[in-house]
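One line per chain: the protein sequences are A, B, C and D, in this order.
With full-length UniProt numbering as the guide, the letters of the first sequence map in order to residues 1 to 341.
With full-length UniProt numbering as the guide, the letters of the second sequence map in order to residues 1 to 341.
With full-length UniProt numbering as the guide, the letters of the third sequence map in order to residues 1 to 341.
With full-length UniProt numbering as the guide, the letters of the fourth sequence map in order to residues 1 to 341.
Hints may contain errors.
Because identical chains cannot be distinguished in the list, a pair is counted as satisfied if it fits within a single copy or across any two copies.
[Claimed, not checked] Straight-line distance between alpha carbons at most 30 Å, and here's what the computed BS3-like set of lysine-lysine pairs gives: (1) K265 to K164; (2) K326 to K82; (3) K82 to K164; (4) K3 to K326; (5) K326 to K164; (6) K131 to K265.
FYI, nobody ran anything at the bench for these hints, they're computed from the structure.
There are 4 protein chains.
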Amino acid sequence: MRKINIGIIGMGRIGRIHADNLLRDPQAALVAISDPYAGEELREWAAARGIAIADSDALLDDPAIDAVFICSSTDTHVPFIKRAAANGKHIFCEKPVSMDLSATEEALEAVRIAGVQLQVGFNRRFDHNFKRVRDHVLEGSAGEPHMIRITSRDPAPPPADYIKVSGGIYMDMMIHDFDMARYLSGREVEEVFAQGAVLVDPVFAAHGDVDTAIVTLRFEGGALGVIDCSRRAAYGYDQRAEVFGSGGSVAAANDYPNTAVVATKEGVRSDKPLHFFLERYNGAYIEETRQFIDCLLNGTPVPVSGEDAYRAERIALASKLSAKYKRIVKLSDLDSLREGM
Amino acid sequence: MRKINIGIIGMGRIGRIHADNLLRDPQAALVAISDPYAGEELREWAAARGIAIADSDALLDDPAIDAVFICSSTDTHVPFIKRAAANGKHIFCEKPVSMDLSATEEALEAVRIAGVQLQVGFNRRFDHNFKRVRDHVLEGSAGEPHMIRITSRDPAPPPADYIKVSGGIYMDMMIHDFDMARYLSGREVEEVFAQGAVLVDPVFAAHGDVDTAIVTLRFEGGALGVIDCSRRAAYGYDQRAEVFGSGGSVAAANDYPNTAVVATKEGVRSDKPLHFFLERYNGAYIEETRQFIDCLLNGTPVPVSGEDAYRAERIALASKLSAKYKRIVKLSDLDSLREGM
Amino acid sequence: MRKINIGIIGMGRIGRIHADNLLRDPQAALVAISDPYAGEELREWAAARGIAIADSDALLDDPAIDAVFICSSTDTHVPFIKRAAANGKHIFCEKPVSMDLSATEEALEAVRIAGVQLQVGFNRRFDHNFKRVRDHVLEGSAGEPHMIRITSRDPAPPPADYIKVSGGIYMDMMIHDFDMARYLSGREVEEVFAQGAVLVDPVFAAHGDVDTAIVTLRFEGGALGVIDCSRRAAYGYDQRAEVFGSGGSVAAANDYPNTAVVATKEGVRSDKPLHFFLERYNGAYIEETRQFIDCLLNGTPVPVSGEDAYRAERIALASKLSAKYKRIVKLSDLDSLREGM
Amino acid sequence: MRKINIGIIGMGRIGRIHADNLLRDPQAALVAISDPYAGEELREWAAARGIAIADSDALLDDPAIDAVFICSSTDTHVPFIKRAAANGKHIFCEKPVSMDLSATEEALEAVRIAGVQLQVGFNRRFDHNFKRVRDHVLEGSAGEPHMIRITSRDPAPPPADYIKVSGGIYMDMMIHDFDMARYLSGREVEEVFAQGAVLVDPVFAAHGDVDTAIVTLRFEGGALGVIDCSRRAAYGYDQRAEVFGSGGSVAAANDYPNTAVVATKEGVRSDKPLHFFLERYNGAYIEETRQFIDCLLNGTPVPVSGEDAYRAERIALASKLSAKYKRIVKLSDLDSLREGM
């Protein structure tokens, strides 16, 4: 059985998830990892599994490696993509490719010229719930889409250090929702209007960011959309979506750790939703990796392209500008607005 | 518009419910009531509405009355039915007709000879949930029934005075469930097995009764059934049913006072089910009265017959004997067993 | 027992609902009705109940009448309110009071001067679900509100004749939602942004209206809100709301006609939500009338004031302007913008 | 890191599940397997993973093996347990240990003498839903248990060949439910009453078996229980349980593949429950293996003992006799009844 030889750059939380899933995928061989902060624990872990530890350049130049997972900090994505592409390696890159649209364009161009595949880490497309909504929409259960509603709330804000470099709520957190809006509706976004507020923690204001936001979308063809987003839901991770259309509604609710319900004289109660993305999207991460490997082996296009990343980044940037200028931003005006940033 | 002139005998809790519903029914005229315990409040209530107060014999003999509602204590049902029938009045009688099968048989015979209509107060047949289950079963959604499951739990036991004369859990409380089993399955019960326990309050044991019971049923044609029953559910009234068959399952859950759900860091919570029969079966009581009046006006058979009451009473008695003798009781053996009681 | 003598002006669909509820309210006496289109059926209905039929002026001048229900077309509300107030009658008026803020201001001024009570028909405040959400919010279950989400979808658009004079989706349909946003959050709206689309029926475009809209709100203190609205949901009436805050979420789902669930090899299915406002808000209409009468008898302030109507109308107007000018509208800028209309 | 060396006997469906889970458990080393029907595919699978293939005696005698998983046909369990115990190996054995109580007693005695550990494959104890119900019961959420209700329905009957040797519905299928009844209630069963019917397929009757059964239980201390069981639910695997007690109810519903809900003019629909045990109990199998290995490494008692297996087998046998003799069977009378079999 042929296997894809994989190297991972960046062994933080998300890199470790991919590593674990690749180790269990019979079509993948994880041969090398790279992390400037690799400590004793990671070295032992790699040694026990026969995985080499290399610096990123060595890994990207290693002819034995077929594909790389780029899980390092966002500012390194574009140079790593370019080097990997130049070396003919297929690429899985975490989102966003970049916070700078021009850099993303360059990265996509490098990929295109090299003829390699690039999959971007929009893991939620592989979630059993959202996947099922999308299938229903494609089957026509909701008819022609009229409104897309997405709820996206994290259980707790990231640390202040991260907030500073996160790119802001629209690029860091809602980029997933912008992709989901495109995925569920099957339509491109034409204009956005964003409202933000600092209600969770003043630290966001200190970094020019917000922690609560509602973004309204208008899709090509006229359908509307709305995403409500918060950095902190007391009850945990809240990830829901609805497509409403001429034929009805298709909606996905949250996942829960169990179905146990307690009824007493005080009322009826049950447990909170699955806590965070590691729990909720566990299966989605496995599936996104599996499909990436599968496409490489079969020579078929990967399910989430660089173009998908680029389009979500454009919506994120438009939202940021909309919030800044307190007005509607058309995606078609984005390029002229960018110049004025 | 022709109206049916109605008299009610027994103005306790259930009599008052019917009175209120009859007053709102444009096809009914409540003309007289009778209650040996009628106090000042009831007299004023009647006077304000132009309703006569009579003794039961006078009411039953009054030629201006077309139909009577018998809502007095169970031991008076049969004599009142006989007198009403002899006077050509149609009858609505609360359940059970009697705790003595022979007396019920006599009452039904009197009704048959007089050619009047008799409807029995199995109000749950008119509940929106159970009615919908029944409709699904008739449409074949569940296929051929294999198992019927009924849960029947009260929020709190009745007072000790009532327990003494209630006829026991099988005749007093589960008779509704036995009727529901026939109604939902569309089948007659052939044998029963009853297990009882005193777990809620020792007062039940003091009166030779139980407060918790599970009755297993076997229907003609082979389907099985099970009813679980308790005199006390801490969370309120619990009334559920399921028909499981070759094609699948049709199940009705409880009703709740609202759909509000609260999610916090402690979990997810909502309110208890509707508290008791007045709340849960409010609409069912209105509908059972409406249909009774409608059938009298149209000369069509009433939706719950004396035969339905008799058959439920037989199952109740068989269950009582099963619990007593700790064995299966076939309904066909009931008559010989009754002799031995 | 003292009763409030009531006259109703306008016996269309909503006037009939109030009439039926008033007839069942022991504290109210419906003594007169008025409707320029009163036909034979209505005359017989009134005669059978001893209710006089009068013209509107006569009714408003009749000293025997304590309070009037104004259920006629919106353009008649203000003159009727003024005349009723001048005659010292308490007033229940359907929403909106007027589509012209100045006219509403005049009506409220007349009510203030006369010292009568004015309740406006925001029936949804009396819905068991939304009432429960509000109670939870007041108890602090959601903590400090961060986002309010309201879904408001009708089962089918009104007739074209009505669309023409409806005042548009924001004033006709969403005015209920604007009131709900204030009611659930306990906060005033400071600015709005509205996006509309014609996706259901081009007839809306022909009248300068839309059939699909998303309105984003910003409340005093910084909380955000969003209302999504459609004139046509294939599955019926969709009325949901959520208050999300620092402590969690409180959400109300739709009501359904029954709890029956069918599971077969094809999947799991159940019935659609209650079809429309008559079914969903049946209990709310009864309760809003009951509380109005109760307040008049007890001399306490009515639960929904003219001020509530005025504020919702201002939000509706701001939304209309926002959609027109494609920009945020601050409520504080409304007066200057109105001049430019 | 110390690892437990494991051998598996019997590589059918359930053996393969355990093998896959052991391969992913960092504390386990799967070193050998044995299967008389091992074909080319299994040999390749083992070779690729460095797992030896041995005959069962060789495997059981191999001093390098710490523990064995006995996943072969039920008639081989007891001899394999005895040989493994004699060789000082710890044992994981699928349920039931045996269909003959005396043989089970002998096996347990051998285990006791050898001082090894024996865990029995009651996987449902490790299900997230039932585990949560049990935790709630232990925390007292339901108060003192009054009734235990279990629903246990398979999506489709096993092949006729299997039915013949299955031991019948009580021993083959309901043994899981008998264990669940003990697990959830924390109480021993004192008497049973079983009703069976052949409603799914006459092949069951041909083998003296039934395909539909309701078993009523009485626990020590007086609580009641009921299990309803079917070999075929059209909508898939149905595994629910409820503990009802003095403080309320704790209930677990089924698991579903996703939360997507579609609402159209036809109604509301969603997908069927997870199809069968491989899907529903996937996590439970992983957890039961993990805990077994963990207990061996830590020298703590395994979570499901041979005694648990024995007690469930006694309830199964009592149920079989109850159905046969159509009467209550007390567990304390089982030994005298066995003699008469």
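Against the structure, the hints come out as follows:
1. K265 to K164: between (48 Å within a copy, 27 Å between copies)
2. K326 to K82: This pair counts as neither: shortest intra-copy Cα distance 36 Å, inter-copy 41 Å.
3. K82 to K164: within (26 Å within a copy, 59 Å between copies)
4. K3 to K326: Neither: 51 Å inside a copy, 55 Å across copies.
5. K326 to K164: within (22 Å within a copy, 33 Å between copies)
6. K131 to K265: Between. Shortest inter-copy distance 21 Å satisfies the 30 Å Cα cut-off; intra-copy 39 Å does not.
In summary, the structure is inconsistent with hints 2 and 4 from the numbered list given earlier, while agreeing with the others.
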